[in-house]
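Here the structure of chain A is known, so what remains is to put chain B in place on it, guided by the hints.
From first to last, the protein sequence lines are chains A and B.
If you count by our numbering, then the first sequence holds residues 50 to 353, one letter each, in order.
If you count by our numbering, then the second sequence holds residues 50 to 353, one letter each, in order.
Just so you know, not all the hints are guaranteed correct.
[Claimed, not checked] Distance ranges between label pairs, derived from CB positions:
(1) A/V60 with B/F209: 23 to 29 Å
(2) A/R67 with B/D210: 18 to 24 Å
(3) B/I65 with A/T219: 20 to 26 Å
(4) A/E50 with B/E303: 50 to 56 Å
(5) B/E268 with A/G238: 56 to 62 Å
[To be verified] Heads up, simulated BS3-like pairs for lysine-lysine below, C-alpha to C-alpha not over 27 Å straight-line:
(6) A/K181 with B/K58
(7) A/K129 with A/K151
(8) B/K181 with B/K232
(9) B/K226 with A/K226
(10) A/K58 with B/K181
(11) B/K129 with B/K151
(12) A/K58 with B/K58
(13) A/K58 with A/K72
Since the hints were derived computationally from the structure, they do not count as laboratory data.
Think of the CB as a built atom: it goes at the ideal place given N, C-alpha and C, for glycine as much as any other residue.
2 protein chains.
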Amino acid sequence: EQSHYSLEKSVDILGIGRRNLRKIATDERFHLRLDELRREIERDLAEGNIPVCVAGAAGATSTGIVDPLAELADIAREYKIWFHVDGAYGGALALSEKHRAKLRGIERADSVTIDPHKWLFVPFAAGAVLLKDGGRVLRDAFDITPEYLSEERGGADVVFDFFRYGQLGTRRFNALKVWMALKTLGVRGYAEIIDRQIELTHYFAARLDELVPFTRAGEIETAVCCFRFTPSESSALTHAEQDALQRALQQRVEQSGEAWLSTTVLHGRRALRVNINSFLTERRHIDDLLELLRREGRELMKQK
Amino acid sequence: EQSHYSLEKSVDILGIGRRNLRKIATDERFHLRLDELRREIERDLAEGNIPVCVAGAAGATSTGIVDPLAELADIAREYKIWFHVDGAYGGALALSEKHRAKLRGIERADSVTIDPHKWLFVPFAAGAVLLKDGGRVLRDAFDITPEYLSEERGGADVVFDFFRYGQLGTRRFNALKVWMALKTLGVRGYAEIIDRQIELTHYFAARLDELVPFTRAGEIETAVCCFRFTPSESSALTHAEQDALQRALQQRVEQSGEAWLSTTVLHGRRALRVNINSFLTERRHIDDLLELLRREGRELMKQK
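Bound conformation, chain A alone (with noise of 0.2 Å):
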């Protein structure tokens, strides 16, 4: 329920089709509900449909949170399906000491997708997908050796020719900005940062719960924070109005041109979503958007 888009696209170009995508409902806590990933693969086995892939998320788009991967892993064991972890954003919890234990059971994994641009604060487009075998298995699905290439092939070095791995041919260099980043960064450098920014993010949450017209949503796993625009003149509002409220808050505090976030769906009901993922980010900058949230919140049910 809380995956990302790509699985939507993943299944449509894989020709399996969105209606084969059984999306888990996920808890109070959104946390994919095990009950439920099970009971949607008994029926599916029971109407003779194959279950080819378990996906959970570490470091769900617009929550931050992580699946309970070391149970997922058990499942996907037992029913003998690909068990995949989206940790595009998440993954980059592996460097930091602190927060590692959150991950447990993405060693247990078939492949894993790690974005370096999310968390990682490499520049654009250095997507990665691991997988447990190295790579055989996208070799196998992928590799078309053309004629004219043929000459460089057999050496030892066929194994670094990225576009036997994927769709694309000419390609750029993106390996060298990954290793760079990890050069000049290292994992200290790395859980440093991450450490930092997760507990900016609960610094938000604190100072934001202390604040009347807000109500948080989700808990904070990540460095990713939601929450409602909740004055208590707006109890008396639908639903829709509510929601809209929040979308009027964001575009409010986008015009002003001193912070951006954006918002989401949780359960159905529109919120707003905090994300920390500049390493430029300190505490007088939460302090600012704190401040900039009350304002413009107060401006715009003056308007009302």
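This is chain B only, laid out in the frame that chain A set:
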């Protein structure tokens, strides 16, 4: 038969399967044989298969030749099949008044591939596909709007959200590179370079024809020239040995560090392949390459 390997990747990914890809034989000039195409379509229809796409090459990778596009358009229209032109390399001919006529018929294609990173000299990773109806087909296929991006939807600028047209989400601003290159060189600048490179290729071919131990293969329609190293002593060799000779000469040239060329396979036989694709290439470089080929060829035969 001379199509790019990306067609094989595409049918794999689409789930159509390589067994449903019909490679149409080419004639002695390496152009797609229209009679063969028609025969394959008729055979498929007779067997209850539905032909969905006819793909012609405008600048085939190995030979640089351009298929008879106008005739392909006729056949595609006759059978109501999608007509695609792979102009990844040769599409750039459209910018040259002198050579544009070679693409006659491309204007009737439903879709055209063009890679600005090939003959338009844009840095890597700037592949493009042009569609007759301005991209609606691509949006229908790929557009999925996640909730956390929905506040940006609906405006006039929605057509510029390129992630709605393909698989990639987060992406570089590639269009800027293409735009900058167009602004820098302009249509006339491009035409001048393209015309010069084709002329240089003809020059290379003419001088090669004067060299005894070489035999040309195919024609020059873009800036590609294929040929074989055929010293008199080699006429007694088997086909496999003659093929090995081409590879051996390619490797010697590469190891000299002075020039680079590739090999390819034309109608089952290995050939050498020169593609002039740098706007810095001048006549003297061609002369040097010819001298290098002669010298390395002589050395190669001495060692036999």
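Distance restraint hint 20 to 26 Å, applied to the beta-carbon atoms of B/I65 and A/T219: Holds, since B/I65 and A/T219 (Cβ atoms, about 23 Å apart) stay within the stated range.
Taken at face value, is the distance from the CA of B/K181 to the CA of A/K58 at most 27 Å? holds, 23 Å
Would the hint linking A/K129 and A/K151 be met if the CA-CA limit is 27 Å? holds, 24 Å
Could one say that the CB atoms of A/V60 and B/F209 fall in the range 23 to 29 Å? holds, 26 Å
Looking only at beta-carbon atoms, does the pair A/E50, B/E303 fall within the given range of 50 to 56 Å? holds, 55 Å
Cβ distance range 18 to 24 Å for A/R67 and B/D210, holds or violated: Roughly 20 Å apart at Cβ, these two residues keep to the hinted range, so it holds.
Given the hinted pair B/K226 and A/K226, is their Cα-Cα distance within 27 Å? Holds, at about 19 Å.
For the pair supplied as a hint, B/K129 and B/K151, confirm whether the alpha-carbon distance does not exceed 27 Å. Between B/K129 and B/K151 the Cα gap is close to 24 Å, so the pair holds against 27 Å.
Just to be sure I understand the hint, the distance between the Cβ atoms of B/E268 and A/G238 should be within 56 to 62 Å; is that true here? holds, 57 Å
Under the criterion that the straight-line Cα-Cα distance not exceed 27 Å, is the pair A/K58, A/K72 satisfied? With Cα atoms ~14 Å apart, A/K58 and A/K72 stay inside 27 Å; holds.
Given the hint that A/K181 pairs with B/K58, test it: the Cα-Cα distance must not exceed 27 Å. Holds: A/K181 and B/K58 sit about 23 Å apart, inside 27 Å.
CA of B/K181 to CA of B/K232, is that 27 Å or under? Distance ~24 Å between B/K181 and B/K232 Cα, so the pair holds.
Going down the numbered hints, you'll see the structure goes against none, and every one checks out.
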